[in-house]
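Please model the entire structure based on the sequences and the hints provided.
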Amino acid sequence: MLVQAKRNSPDNVVDRKTIQAFIGSMSGQGVTKGVFITTSHFNANAKEFVTRGSQIKAVLIDGPGLVDLMMEHRIGVRVDPSVEVLSLDQNYFSDED
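Sequential numbering from 1 applies to the sequence shown in the working numbering.
Certain hints may be false.
Using 27 Å as the maximum straight-line C-alpha spacing, the simulated DSS-like pairs for lysine-lysine come out as follows [stated by the list, open to error]:
1. 47 x 17
2. 17 x 33
3. 6 x 17
4. 17 x 57
5. 33 x 47
6. 57 x 47
What follows is a set of in silico ranges between Cβ atoms, one per label pair, in the way DEER data are often shown [said to hold, decoys possible]:
7. 7 x 53: 29 to 37 Å
8. 30 x 52: 16 to 24 Å
9. 44 x 9: 13 to 21 Å
10. 92 x 67: 34 to 42 Å
11. 95 x 70: 38 to 46 Å
By construction, these hints were calculated from the structure, which means they are not laboratory data. Ideal Cβ positions, reconstructed from N, Cα and C, are used throughout, including at glycine.
Spelled out as C-alpha cells, the structure:
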C-alpha cells in the first residue's frame, strides 16, 4: 500500500493530473492499493479517475474527510467531558404552585 499526504491550502484543489501521477507511481512500484490524503479537496475529474475499472485501487481523503476520521479515532482532538444539556421546565410558567 502506498500513502501520499499533501498539506494544501483550501484553494489548491487536487486535480486529475496529480491523482494520475500518484496511480502511475503506484503502478511503477508494483503497488495495487493506495491512499491519497489532502487537507483541501479533489475536483470532480480526480474523483472520477479513481472510480475507473482499474487493477489499482486508490482511496481519496479530503480535508473534511480527514477531520471526520480524526474525530472518529480521537487523533489530535480534545474531549470536553463537561457538556451542559438544557431542557425546558414545562411547569415553570404554569399557574399552579
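Evaluation of the provided hints:
Taking the CA atoms of residue 47 and residue 17, the gap is near 11 Å; set against the 27 Å cutoff, the hint holds. Taken as a hint, the residue 17 and residue 33 pair is honoured in the structure, with Cα atoms around 18 Å apart against an allowance of 27 Å. Distance hint between residue 6 and residue 17 is fulfilled; the C-alpha atoms sit about 15 Å from each other, no more than 27 Å. About 16 Å separates the Cα atoms of residue 17 and residue 57, which keeps this hinted pair within 27 Å; it holds.
Pair hint residue 33 plus residue 47 holds up; C-alpha atoms about 16 Å apart against a cutoff of 27 Å. For the suggested pair residue 57 and residue 47, the alpha carbons sit about 12 Å apart, so the restraint of at most 27 Å is met. Restraint check, residue 7 to residue 53: a C-beta distance of roughly 31 Å satisfies the suggested window 29 to 37 Å. Between residue 30 and residue 52 the C-beta distance comes to about 19 Å, which sits within the given range of 16 to 24 Å.
Restraint check, residue 44 to residue 9: a C-beta distance of roughly 19 Å satisfies the suggested window 13 to 21 Å. With their beta carbons about 39 Å apart, residue 92 and residue 67 fall inside the hinted range of 34 to 42 Å. Between residue 95 and residue 70 the CB atoms are about 51 Å apart, so this pair departs from the stated range of 38 to 46 Å.
In the structure shown, a violation is registered for the earlier hint numbered 11 alone.
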